[in-house]
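Trainee: Chain order of the listed sequences is B and S.
Going by the UniProt record's numbering, the letters in the first sequence line up with residues 1 to 277, in that order.
Going by the UniProt record's numbering, the letters in the second sequence line up with residues 1 to 588, in that order.
Read the hints as simulated data drawn from the structure, not as lab findings.
Beta carbons: idealized from backbone N, C-alpha and C, even for Gly.
Hints may be right or wrong, so weigh each one.
[Said to hold, decoys possible] Residues from chain S that face chain B, not an exhaustive set, calculated with beta carbons under 7 angstroms: (1) 180; (2) 182; (3) 394; (4) 399; (5) 471; (6) 479.
[As the list claims (entries may be wrong)] Derived DEER-like restraints, expressed as beta-carbon distance ranges: (7) 174(B) with 139(S): 53 to 61 angstroms; (8) 42(B) with 35(S): 43 to 51 angstroms; (9) 163(B) with 309(S): 41 to 49 angstroms; (10) 44(B) with 432(S): 23 to 31 angstroms; (11) 144(B) with 188(S): 18 to 26 angstroms; (12) 165(B) with 574(S): 42 to 50 angstroms.
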Amino acid sequence: MSNSTTDDSLITTEVQTDSNDGREAPAAGTAVAARDLDVFYGDEQAIDDVTMEIPEKRVTALIGPSGCGKSTFLRCINRMNDMIEICRVEGDVEFGGKNVYDPDVDPVALRRKIGMVFQKPNPFPKSIRDNVAYGLKIQDFDGDVDQRVEESLKGAALWDEVKDQLDSSGLELSGGQQQRLCIARAIAPDPEVILMDEPTSALDPVAASKIEDLIDDLAEEYTVIIVTHNMQQAARISDRTAVFLTGGELVEYDDTAKIFEDPEEQRVEDYITGKFG
Amino acid sequence: MATENPNADGFGEVSRVRGIAFEYLSFGASVFGLVALGVLLVYVAIDAFDLANASPEWLLTYFLTLVVPFIVFCLYSANDRDVTRRALVALGGGLVAVAVLFSAIEALLVPIPRLNWQLAYLFVVAAPVTAYLAYVGSGGRVGAVGFGLLGRLVGGAALGLAVGTLFLVFDSLVWFLAYTLGVLPAVGLYAFGRVRESPRARTAATPVGLVGLTAAVFLRDVIATYPSDLIIYLWTIAVPVAAAGALLVADRRGRVAAAAVGGVPLAAATAGGFLAAGAGLPAPTVLLAIALTGVPTAVYVSRVVDGGEGLAGLGLPLLLAAGAIAGALIVEALGVPAPNPWLDASFLSEAPSRTPSEAGLYPAIVGSVIIIAMVAVLSFALGVGTSVFLEEYTPGTGPLGTLTRILQVNIANLAAVPSVVYGLLGLGLFANLLGLGIGTAVTAALTLSLLILPITIISAQEAIRSVPDDLRRGSDAMGATRWQTTKNVVLPEAMPGILTGTILALGRAIGETAPLIMIGAATTVFRAPDSLFSRFSAMPMQIYTWAGFPQADFRYGVVAAGVITLLIILVGMNGTAILLRNRAERGS
């Protein structure tokens with residue numbers, strides 16, 4: 001397991017040379033880019049002048065201690081922070097060559113292009129089929145819904161377990177299955193980016209490792225941005241890692257192998273080795 | 001060292017006296033309340049059914065032909081030796097205990113009015129034991145089937161009667177056109193879209209339906225000739241219900257069974273309707289009652305036969321009917337004096353009268369049913385709409401947030417405004433200002449809706465608030481608009497709670513008298529209302545009026561019969577609503 005992950009990160013290191021400062025476009029192309037991003041909750045600053053480019057079709061992990069703003073950063077990308085009334089965002093987040101905070105951007109339309117998976121599995125109290133088809137339904141999808149449901153469940157490695165019970169409630173599944181159902185729900189409308197906010201922290205290790213394998217596969221088709229508290233997890237599954245530290249500061253952003261083996265900043269090394277955080 | 005241990009004598013004791021005192025006081029208070037209400041209901045039932053004049057032989061006959069077979073059925077279904085033994089002990093021991101205790105009280109303390117020990121046994125022992133056994137019996141497969149069938153028979157008949165009553169005031173011709181031009185094409189298009197996977201047909205269904213409904217309203221006065229009411233109900237209600245029943249069965253049991261399930265009740269309903277027309281009964285109501293009873297029953301029987309379990313339960317309605325007939329025959333043959341109940345068929349189907357024995361509640365029942373149907377629709381729609389707006393759409397901060405909080409507080413205050421004040425509001429606003437007329441059904445319905453609206457809103461808000469935020473955020477993150485999230489996620493999840501609040505509020509509305517007096521509802525009307533703007537009376541109004549009559553027969557017999565009718569309709573209505581709610585809960 002760990003061997004193969006190291007291989008992965010070596011390969012990606014090769015692809016993304018010269019991306020150390022995070023400003024030049026990596027070879028894979030940029031999916032999401034933040035420029036001079038500040039986020040405030042009331043008077044409190046949650047993100048402090050973050051600039052980073054997230055490569056497409058790669059797994060990018062955001063790590064850092066609690067309250068460092070990594071989840072806030074994630075929610076800026078699909079403007080879920082709009083739901084929080086006291087939240088104020090300054091700076092740009094570019095997605096698809098457009099600043100998502102431009103006044104002419106409809107956040108609802110934006111979210112249809114960006115899937116999101118939450119910390120706690122939150123399937124709707126509907127049948128498994130209706131859960132997966134939810135995004136298609138609200139977008140008035142015109143094609144074959146059943147086929148898309150099957151593809152998405154296969155994509156989330158859940159099809160074999162639930163193909164005989166598509167009409168039973170999504171709440172009857174186990175926690176790990178529910179989280180994979182939520183992933184199937186997120187990929188069904190075929191988004192370009194999938195945001196994951198600590199997707200395995202509410203799951204047992206076996207279920208979590210299934211999700212990790214799945215994230216590896218998802219990166220072949222989607223850009224995955226994952227927030228995690230678990231540094232081993234970040235080391236195992238991600239190609240790039242961004243370390244946030246208290247105050248919402250992006251301290252270091254580089255290839256995962258580099259961050260975990262030879263970080264530039266002493267603070268990052270302290271955090272990763274557990275001396276701090 | 002051990003001797004120095006301060007806990008050597010144990011850990012001491014902590015007094016629980018206050019808690020225990022509180023526990024028993026609360027228990028005593030609730031038991032006292034329940035017993036008082038129970039005694040009242042027993043006396044009301046005795047008056048309504050004239051049980052004080054029931055001879056012991058009459059009671060014994062029906063006990064043997066009706067109650068005993070039912071108990072045996074329940075015990076057979078429960079199939080539990082312990083339950084059987086306990087039931088026999090309770091019934092037998094209770095008989096002795098009640099007889100001894102009752103005679104002792106009568107002989108030594110005070111004579112108990114209008115009760116004898118047989119009746120006391122009936123109410124104190126036989127009825128609770130039977131209810132308990134029915135509960136236990138319904139747990140078995142046979143009992144579940146039997147009660148399921150019985151429920152569909154009674155519920156279907158009640159629904160048919162209620163729908164028939166509503167069409168007394170709602171224009172059946174508009175409904176005929178609306179169904180033919182709007183509902184039928186829209187449903188047809190939608191079904192076509194589902195089967196052929198054509199989203200265009202599905203999206204077209206709504207506009208087509210709306211155009212049809214609008215056309216129906218305009219064409220109502222243009223078209224000159226219409227089919228008879230009987231044909232209209234056959235075409236617009238009986239046939240669709242039968243078709244729906246047939247479709248439900250067709251999936252699993254094939255065409256022949258489907259044709260039987262849909263066709264047999266439809267034929268029976270049609271025949272019943274035409275026969276009733278000849279016999280002078282209200283033909284459309286008979287048609288509706290038979291169709292709405294027959295189709296669900298047929299579907300249910302078909303499913304039970306399909307499942308192959310608990311087939312014996314299908315005999316329960318027959319058992320009860322046979323028991324009732326046998327009891328009547330024996331009473332007739334032996335010449336046992338039978339009680340002459342106030343609450344009988346003529347009480348339910350006749351108009352009020354000056355003589356107690358001819359007094360009836362029919363116009364008031366119709367009035368109440370119509371008002372409550374309108375109140376249910378109005379308060380549900382307005383209540384859900386307002387609570388969704390307050391919970392999902394208004395922000396928590398800023399000037400609008402402040403306005404929302406003021407609204408919240410005032411809605412809570414409105415729930416405490418006395419109903420007489422609402423009556424005054426209804427009189428001023430609906431009757432006079434809007435000119436809907438003093439004492440009309442529509443004024444009453446609007447006033448009562450306003451009265452229960454705060455309760456509906458508050459409980460619906462509570463239900464919406466209890467939907468986890470995780471679900472909302474999950475839906476928002478999928479790119480759902482606020483409306484889509486509310487419609488697809490929040491409302492389905494909150495619906496059981498919303499329905500619970502609405503049911504409780506409707507229970508209050510059906511019993512209200514004060515606002516009806518204020519808006520000038522008639523105390524007594526002799527004809528059932530035939531439009532929304534005709535004068536009407538409601539059951540509580542009529543009962544209140546009777547209670548003021550000088551004759552004792554009115555005050556004791558007729559009022560009791562009215563109260564029992566009101567309670568049965570209320571319980572039936574709430575029961576149906578609770579069943580629907582439980583179904584909604586299981587569906588989610």
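Trainee: Now, for every hint given, state plainly whether the structure supports it.
Mentor: So, going through the hints one by one against the coordinates:
1. 180: violated (30 angstroms)
2. 182: violated (23 angstroms)
3. 394: violated (11 angstroms)
4. 399: violated (13 angstroms)
5. 471: It holds, given that the least Cβ distance between residue 471(S) and chain B is near 6 angstroms, below 7 angstroms.
6. 479: holds (3 angstroms)
7. 174(B) with 139(S): 53 to 61 angstroms: violated (30 angstroms)
8. 42(B) with 35(S): 43 to 51 angstroms: violated (58 angstroms)
9. 163(B) with 309(S): 41 to 49 angstroms: Violated - the Cβ-Cβ distance for residue 163(B) and residue 309(S), about 29 angstroms, lies outside 41 to 49 angstroms.
10. 44(B) with 432(S): 23 to 31 angstroms: Given a distance of about 57 angstroms, which is not inside 23 to 31 angstroms, the answer is violated.
11. 144(B) with 188(S): 18 to 26 angstroms: holds (23 angstroms)
12. 165(B) with 574(S): 42 to 50 angstroms: violated (35 angstroms)
Violated hints, listed in ascending order, are 1, 2, 3, 4, 7, 8, 9, 10, 12; each of the other numbered hints is respected by the structure.
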